[in-house]
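Read off the chains here:
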Amino acid sequence: MNKIISKENLSEKVTKLVIDAPEIAQTRKPGHFVIVRVENNGERIPLTIADSDTHNGTITLIIQEVGVTSAKLIALNQGDSVLDIVGPLGKATNIHKIGTVLCAGGGVGIAPLFPIVKGYKEAGNRVITVLAARNKDLLILENEIRHYSDEVIIMTDDGSYGQKGLVTVGLELVMQREPVAEAIVIGPAIMMKFAALTTKKYNVPTQASLNTIMVDGTGMCGACRVTVGGETKFVCVDGPEFDANLVDFDQMLQRLSAYKDDETVHFHEYQTCKTHK
Amino acid sequence: MKDLEYYKIERAQQWREELRKNLKAKDRTSLDRCQMVEQDPMQRNTNFSEVNLGISEEIAYNESRRCLDCADPTCIDGCPVNINIPKFIKKIELKDFLGAAAILKETNTLPAVCGRVCPQEKQCENSCFYTVKLAKPPVAIGFLERFAADYERNSGKISIPEVSKSNRLKVASVGSGPAGLAWAADMARIGYDVTVFEALHEIGGVLKYGIPEFRLPNEIIDFEIENLKKMGVKFRPNFIVGKTKHFDDLRNEGFKAFFVGSGAGLPNFMNIPGENSINILSSNEYLTRINLMGAIRNVNSDTPAPNGKVVAVIGGGNTAMDSVRTAKRLGAERAIIVYRRSREEMPARIEEVHHAIEEGIEFLNLHNPIEYIADEKGFVKKMILQKMELGEPDSSGRRKPVPIQGVTETIDVDVVVVAVGVSPNPLVPSVLENLEVTKWGTIVVNENMQSSIEDVFAGGDIVRGGATVILAMGDGRKAAEGMNKYIQEKFAEKK
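Going down the list, the sequences are from chains G and W. Okay, so the first sequence: first residue is 0 according to numbering that gives the first Met the number 0, each after it adds one. Okay, so the second sequence: first residue is 0 according to numbering that gives the first Met the number 0, each after it adds one.
These are calculated hints, taken from the structure and not from any lab test. Idealized CB from N, CA, C, for every residue including glycine. Just to be clear, a hint being listed does not mean it is correct.
Interface residues of chain G toward chain W, partial, derived using beta-carbon atoms under 8 Å [unchecked claim]:
1) L9
2) E22
3) R36
4) N40
5) E42
6) Q63
7) L88
8) T211
9) V214
10) R224
11) T226
12) Y258
Construct the complete structure from the given sequences, taking the supplied hints into account.
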């Protein structure tokens, strides 16, 4: 059982939970994730650790409501407990001092990007971050990211904040203007796919952090498999970060929809139940 | 090791001699082997209740009378944990059923589990006097083991193995599967302060996520785990040694040695075109979703799992049988085993194959998938099967399946479960520098199950690469003995 220490709504559908997990807080590094099970009969879902506090023994999870499990998780309040949290899982980001690093986050992908931005900055790099969201209200963690970036470019689909346009516009802007040593992109699969195509034009080595369906998170089930450079890889143990130009994003997008119909029905039932209560 | 002297002394006890005199050997061998009481095939293939219902006291007693109480009990040689088989069977003949259970528990932590899932036909029963010398059906040792264990559990009079005075030395297991549980019981008995770490949220490893409830109900595993708790064993679910905390952190907390029983967690795929299509899953994933997470069969479960009219399971082992029989129970109209060799070469237990046939499972032997075809949304729709024939024997002694050039068959499928074996879980080896592993990724151990790192012992599938519950338990027990010796010597040195 892991107690929720604090809860904050970052946008309409995105919530930040600070949760008691002293052992994980101690060992986690940027890039790591946890598997969470909210309650009995609950599903196991992977969530990237957005931050931790070793002094207070907490980890920070940022959750977007997309289905039953995420809805149940963010319905919990300060003082409630999450039944199971296991981790840290996956390989940590290979953070090193290399020069100028371009980080790009889209939507709730900004949450897992945050510890990486922080890590690169603390390692002594020049960090330029491009944040993309559909509109101003959906942009999260802007101040935190600004604190650890030398420059932040904000892109919104509707132009309600920053510049109007997709993440790729922001990336091009930087790469046209100055040499970039490496890039990392985190966000929806479709955003990562186009971001990778963009950085490829400038020959910038790019990592993408993948968020696939998982069950155990330790290499046991293979639900998370993706094709990288023609080979099948498990995101949970071989990743979650891979060379963005080698990932078969189209296949990944399809695989993410494996249970979409089931989930839509289940979510509808859950919401109906909730309103009737 | 079998201690012949010990068995001889035991056998010479008066009660045993009297029982032997009660009925002549000739009369014993003229009795017929009992039959397991089973749920009706067409009823059971729609539910998850146990297939084997167990045998009654009367049947067990009659079966126990078949055992000749041999002077050289060769059956014990066939048992990886060396259960004193004649003694427990003779206790049943005495109608001291609780006594029989106590004998089982002297050497076997999980008798109710082993009585259900051990391949007895390849072990104890295969070396029974009846099999070896009389060419008659062996004494039903497995059924009797299950009977005694179930009798004790249902009696409410549970004997908890005696635990020696605590020596306050901390030891840990990485993994709570059969190897870890057997190791934990032995270490607790000696008096160690035992902690079992488990990555999943439930204790039991493959017994929980892998073996379906129609073969091994969860309540039986939980009962055995409760007994271990009563012996003082501590369990830590949601904890990955090497991730949540490193071995060095645990060493600093006072852990003197580790037993790695982390299993062969990594599922193998065949790497054929289309294999990453949706609704093609490993047997590990399929069984975990349904067994551990309760997908489909528990209406309150939030976990989904693919369900379809035609489910094909690739492979011929026990896991393949478990998967295909699960699919049938979830309502598949066609649940099909696809295996590249013939029926005779299938590695699954004979009983499981037999049960599967009764339940209406189809078998496509001498077929091997070479490609999957998906629809525009990525869901698998068809599989192309290469027809095979048997050629010369290969290194396993079985006739090698060879493709019949140009002869293929395409069948419609909704779900495909790939059950073609597992590889060792690389998680522990990857965090331990200087740990010697084989090219297959299994941990190298000496005769005491000790690895190249002196305080790390290992056993079960992480050493064997893929074996059975009972072999894993045998390893766990051997490792406990080796570890105790290691700690005692090391401790003595310091004094």
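Exercise. Can you list which hints this structure breaks, lowest number first?
Worked result: 1, 6 and 8
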